[in-house]
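Using the hints provided, position chain P relative to the given structure of chain S.
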Amino acid sequence: MSPVLAGVLQLLALMAALALAYRPLGDYMARVYSSPRHLRVEKWIYKGIGAHPDTGMRWPAYLRGVLVFSAAGVLFLYLLQRLQGSLPGSLGFASIDPDQAFNTAASFVSNTNWQSYAGEQAMGHVVQTGGLAVQNFVSAAVGMAVAVALVRGFARSRTGELGNFWADLVRGTVRILLPISVIGAIILVACGAIQNFAGIHEVGQFLGGQQQWQGGAYASQEVIKELGTNGGGLANANSAHPFENPNGFTNLFEVFLILLIPFAMTRTFGRMVGSLKQGYALLGTMAVIWVGFTALMMWTEFHHGGPALQAAGGAMEGKETRFGIGGSSIFAVATTLTSTGAVDAFHSSLTGFGGGLTLLGMQLGEIAPGGVGSGLYGMLIMAIIAVFLAGLMVGRTPEYLGKKIGTRQIKLAACYILITPALVLCFTAAAMALPTPPHSMANSGAHGFSEILYAYTSGANNNGSAFAGLNADTPWFNTTIGLAMLLGRFLPMIFVLALAGSLAEQAPTPVTAGTLRTEKPLFTGLLVGSILIITGLTYFPALALGPLAEGLAS
Amino acid sequence: MNNSVLHTARLVGAGLRALLLLTVVCGVLYPLAVTGIAQSLFPHQANGSEIEADGKVVGSELIGQRYDLPLKGEQTPRPDLKWFQPRPANGLGTNTVNTQYRLLVSGATNRSADSPELLTWVEDAKAAVIKDNSVPGYRVRPSQVPADAVTSSGSGLDPDISPQYARLQIHRVAERNHLPVAQVAELVKKHTEGRVAGFMGEPRVNVLQLNVGLRALTEG
Numbered sequence: 026m027s028p029v030l031a032g033v034l035q036l037l038a039l040m041a042a043l044a045l046a047y048r049p050l051g052d053y054m055a056r057v058y059s060s061p062r063h064l065r066v067e068k069w070i071y072k073g074i075g076a077h078p079d080t081g082m083r084w085p086a087y088l089r090g091v092l093v094f095s096a097a098g099v100l101f102l103y104l105l106q107r108l109q110g111s112l113p114g115s116l117g118f119a120s121i122d123p124d125q126a127f128n129t130a131a132s133f134v135s136n137t138n139w140q141s142y143a144g145e146q147a148m149g150h151v152v153q154t155g156g157l158a159v160q161n162f163v164s165a166a167v168g169m170a171v172a173v174a175l176v177r178g179f180a181r182s183r184t185g186e187l188g189n190f191w192a193d194l195v196r197g198t199v200r201i202l203l204p205i206s207v208i209g210a211i212i213l214v215a216c217g218a219i220q221n222f223a224g225i226h227e228v229g230q231f232l233g234g235q236q237q238w239q240g241g242a243y244a245s246q247e248v249i250k251e252l253g254t255n256g257g258g259l260a261n262a263n264s265a266h267p268f269e270n271p272n273g274f275t276n277l278f279e280v281f282l283i284l285l286i287p288f289a290m291t292r293t294f295g296r297m298v299g300s301l302k303q304g305y306a307l308l309g310t311m312a313v314i315w316v317g318f319t320a321l322m323m324w325t326e327f328h329h330g331g332p333a334l335q336a337a338g339g340a341m342e343g344k345e346t347r348f349g350i351g352g353s354s355i356f357a358v359a360t361t362l363t364s365t366g367a368v369d370a371f372h373s374s375l376t377g378f379g380g381g382l383t384l385l386g387m388q389l390g391e392i393a394p395g396g397v398g399s400g401l402y403g404m405l406i407m408a409i410i411a412v413f414l415a416g417l418m419v420g421r422t423p424e425y426l427g428k429k430i431g432t433r434q435i436k437l438a439a440c441y442i443l444i445t446p447a448l449v450l451c452f453t454a455a456a457m458a459l460p461t462p463p464h465s466m467a468n469s470g471a472h473g474f475s476e477i478l479y480a481y482t483s484g485a486n487n488n489g490s491a492f493a494g495l496n497a498d499t500p501w502f503n504t505t506i507g508l509a510m511l512l513g514r515f516l517p518m519i520f521v522l523a524l525a526g527s528l529a530e531q532a533p534t535p536v537t538a539g540t541l542r543t544e545k546p547l548f549t550g551l552l553v554g555s556i557l558i559i560t561g562l563t564y565f566p567a568l569a570l571g572p573l574a575e576g577l578a579s
Numbered sequence: 481m482n483n484s485v486l487h488t489a490r491l492v493g494a495g496l497r498a499l500l501l502l503t504v505v506c507g508v509l510y511p512l513a514v515t516g517i518a519q520s521l522f523p524h525q526a527n528g529s530e531i532e533a534d535g536k537v538v539g540s541e542l543i544g545q546r547y548d549l550p551l552k553g554e555q556t557p558r559p560d561l562k563w564f565q566p567r568p569a570n571g572l573g574t575n576t577v578n579t580q581y582r583l584l585v586s587g588a589t590n591r592s593a594d595s596p597e598l599l600t601w602v603e604d605a606k607a608a609v610i611k612d613n614s615v616p617g618y619r620v621r622p623s624q625v626p627a628d629a630v631t632s633s634g635s636g637l638d639p640d641i642s643p644q645y646a647r648l649q650i651h652r653v654a655e656r657n658h659l660p661v662a663q664v665a666e667l668v669k670k671h672t673e674g675r676v677a678g679f680m681g682e683p684r685v686n687v688l689q690l691n692v693g694l695r696a697l698t699e700g
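First to last, the protein sequences are chains S and P.
Residue numbers for the first sequence, in our numbering: 26 to 579.
Residue numbers for the second sequence, in our numbering: 481 to 700.
Bound conformation, chain S alone (with noise of 0.2 Å):
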């Protein structure tokens, strides 16, 4: 069988595997979201934070809960890092210096997961367990109750209450991440991932002599960071670790935990919305982009275009032998179309319009099938925002989903979609004015720009990946980075629960013949359109500079 057969039949697998979920998990997280039922444990952490799980909240209150939880967990993170040296069970590892206990802090807080530290030299066990991975579940659970709230705001009618901030974050703690975290974990432990607290490893070698190792909680660690759309790795080569990534099969099974929440939610929504159908035609959307892309990767890897590339006879380098370059390009786009930026091939050894995508894939907002929660709640803003497009062309006033989209709305919408762009570009140019952050780069020309450009993009994506040639660990990264996680992540956050306050207090607007059916194929066409377009003009200078630069000499 060939190389690129294989590659194909491994994405038709994971489409089938990821069809056989979808409805069971999409009805299931309905339920978990709208049941009026509380486990035996939930209750006993609801007495413990002191709230009411069934008391409605209006969108401030809802959002305050947000920003003051993850605030509790930048502290909290950081505090860990500053103490490490002193904290029993982390191997006589060292306190992380102030900048990068903020950046790391920032990151795993905003679901990132952007590293500038080398996990397996820096990390002890506690700060990994107790910390990094405890963010993984929990940023996930907030970004899912973000998205449940602003499907709330389109699903009732003259409230203004989206629901429980602390019921929907510790439901989707309990009830969804766990349990999917407990088999995934299981079964990549069986197929070679490491679990121990052994600390330490030193085993002999074949040639005498000893190798050096840590071991960890890599696998309960690996399951939650694919699940999670996290993707900070325990180790520095990140899920190209043999220990977190065995074989192809493990490749395959993190890509469809990846993948498995964000298309489901869409099943979600629908159910919640009380029409299948909507939910549908964004699954269709984010499907659409996400086979593209995939298709696209495959060709150009495959291809392996470049001077270095071309004179290996493939595009093998950053990559693994058990992967190859089917797997390692299915992984490459779901991870850059998520927010996850978990790696098992090293992007900044792309072909120049593979790094390209992976670039692209995160410019897109991350919506196809995006985060876990933002990857619904993106997409749902480029629907209104689509919308609106077509109101526009045909001079009605806009609705989505029974709901005017009226002037507070589309300015909600527009800032939703400004933030981010303008995050990367201004930090980006700032970057390559001052004299000393290029320093930082490992290559130099298009490339070494694409590495800055990267960074940012990532960073207020919440993506987390990287052209990591570039040393990223500098005051200078640390801060700006750390500053582009959270603006990234929290200010659309405000953006999205105003939106969805601002929904839930109107009456529906009955469906008329006039009415812009976004069920239809039709509307999924024009949301692929919107979101290419939109995003195409703001990035295409920038891009131009970079890998297309690149790619084009190749």
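It is possible that part of the hints are untrue.
[As the list claims (entries may be wrong)] Facing chain P, according to a computed beta carbon distance under 10 Å, are these residues of chain S, among others:
hint	residue
1	Leu30
2	Trp69
3	Arg89
4	Leu100
5	Leu194
6	Gly217
7	Ser245
8	Gly273
9	Pro463
10	His464
11	Asn468
12	Ser475
[As the list claims (entries may be wrong)] Stretch by stretch, here's where chain S covers chain P in the computed footprint (C-beta under 8 Å, at least three residues):
hint	region
13	566-580
14	624-632
Don't read these hints as lab results, they were simulated from the structure.
Owing to the predicted nature of the structure, the values given are computational and were not obtained by experimental measurement.
Just so you know, even glycine gets a beta-carbon here, dropped at the ideal spot from N, CA and C.
Chain P in isolation, oriented as in the chain S frame:
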């Protein structure tokens, strides 16, 4: 005024308590439960898939090693051509912080496809592969050298090579170990793993297991 301060303080307290409780659930109970299950059901995998030969641990099945000659004053070690050779690992490092240990730090070169440095590495590696593996009666042609033989992996710890690269080394290994070519070819065939379930990943040969098998042949 007092009321809003009180309200804010209460909210902050709730946020901190929520974080601590979820830390107990996700950061303590969950990893411990998974570790317990993993250690009782799959202890071999959970502890690093170590391989033993002659009663001694010789490494992990999953972590690539170097098979080099001892350093004799030169900067870069030279490969011990008696053994099957792994892929280059130009991105692999050792720890730069917490230097009380000598940890392997996984990593890639991160050099771009148009990097002159990477081009040099690839060309040099290709020349070396051709030179090292051409033995009397068997000349390696440049087109025979697979891409994995001249590129560094993502982790720098890639435990595998492609079956093409393993086959390319058969004549050299046979000559250096005074073994019949057919016997070494049989060994490579025995250690070649296909794709998982026929389509997942790529075919590969685990270099450590191959060399363990080779040592058994030469000593047996």
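When the structure is checked against the list of hints, which entries are broken? Sort them ascending. Hints 9 and 10 not satisfied by this model.
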